[in-house]
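Protein sequence lines correspond, in order, to chains A and B.
Each residue of the first sequence is one higher than the last, beginning at 1 in this note's numbering.
Each residue of the second sequence is one higher than the last, beginning at 1 in this note's numbering.
For the record, the hints were derived by calculation from the structure and aren't laboratory data.
Note that the Cβ used here is the ideal one computed from N, Cα and C, for glycine as well.
Beyond 12 Å from chain A on every Cβ pair, some chain B residues (computed):
id, residue
1, Arg-58
2, Ala-66
3, Thr-143
4, Val-170
5, Arg-171
Just some of the chain B residues that point at chain A, by a computed CB distance under 8 Å:
id, residue
6, Gly-131
7, Thr-132
8, Gly-150
9, Gly-186
10, Gly-195
11, Val-199
12, Ala-205
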Amino acid sequence: MSQVGSGREQLLSRAFVGLADTLVDDYDIIDLLDRLVGYSVELLAADAAGIMLVDSRRSLQVVASSHEDADVMELMQLEADQGPCVECFRTQAPVSVPDLIDAAGRWPVFVAAVESRGAYRSVHALPLRLRGEAIGAMNLFHRQPGTLPEADLALGQALADVATIGILSERAVRRGEVVTEQLQTALNNRVIIEQAKGVLAHRGNLSMNAAFDRLRRYARSRNALLSEVARQVVETDLATDVLATRVAPSKAVDQR
Amino acid sequence: MVGSVRVAEPGSVAQAMLALARDVGGNHELAEQICRVCVLGLDVDGAAISLLTASASRETLWASDATAELLEDLQFSLGEGACIEAALTGRPVLVPDLQLSTQTIRWPIFAAAVMEQSDVGALFALPLQWGTINLGVLDMYRTAPGSLNGAQLRDAISAANMAALMFLGVRTDPGDGQWLDHSLHGRAEVHQATGMVLVQLGVSATDALARMRAYAFVEQRLLSDVAHDVVSRRLCFTQDMV
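One chain only, chain A, in its complex shape (with noise of 0.2 Å):
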């Protein structure tokens, strides 16, 4: 399942290097989750990476995903309460699942969801731990069976770790304020994003993902926070702007 020598060397340090300007500058935590579920995809060859944090009631929420059907793959376990993500928060353990239909026993929920409506086969979650507590999970999605490389696994923690780092350091922790707080703020942006994904959607009558990168790409052209120009595409007339914007597409994200 992974991609070998120095194609992803090249990868790997883009990602790096794209990450540390990130953490330089101003910026929100889900547009940085949002990049490292990109650069997972892209680096760990698949097919759709989600990252899960933990709100103030200690409920897991889906805060980042590189594809819709990733988000459907973890509300499916947040609504059964069981399944590889919802373990893996539990347990602070990496979870590795190489084929969903020979785990049916140990999520039977869970895995008849994946059955009717699910779009990956294997799934491979990574804890995001701070000072021996739980935040969340970094999951990722493989359409084909099949068990990820342990340099693949070592790979995806470090990233796993860069987001924990990122939450950290966000602005918000230097004024002195705590983690809680930090997730609150990021769920509250995730539903402004939704909200902004939903108006180009109907405006440029595009698919949630189309409409997600457009607003995604149009944030990084001009250096904007992507919680900003959500905002600014749900109460003013931005959208318009956004729409006629053009910029190459990014790969990650399909066009349907």
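Put chain B on the given structure of chain A with help from the hints.
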């Protein structure tokens, strides 16, 4: 396997809020009950809830005592303070010790006035919001300085989230008298549909949500199902609907 993802009994304050009667009258009565629950369940001496709107108008719905009311009045007359910062930034503003100038540097006049006119030692202002919708701020104070601990902070933030959904529930009530379900926060489709409907009708996010709730109520369907139909483009809202 340890615990459960939803282990997490919501804290005592959030529990108490869940138990609030669904037929709480209007905003004032709701604010009063929420403030009472917070003062009882959290390590604070007083609480107030103010609504803030985009037009910079404000209305204090309820304050648990004279000090809580003074804090609201001061910051609205001075135009600065923890509550206003929370409303503007959408972030919680926690000030465990008002005497420390590093914590009050963003609103020095307000901080000086509070110290001069009251015995408040710590302030916690939590925004009540739902995406782009700012409903107001839950303000709490304690005379003794000191932080809320991790569990108390989580409980306070849960309480603020729940309060936001309750006020939004009142504002978008189609007549069923139901609060909005807390789990709605995690439903991306409800937010995406809100964005689509606000374009379809040319209204605000709040009104878009209200129209979807009204439709769900009339059709006797779940809001999440209606949202799913909107996102899958099986349902498009028009002016003459509902």
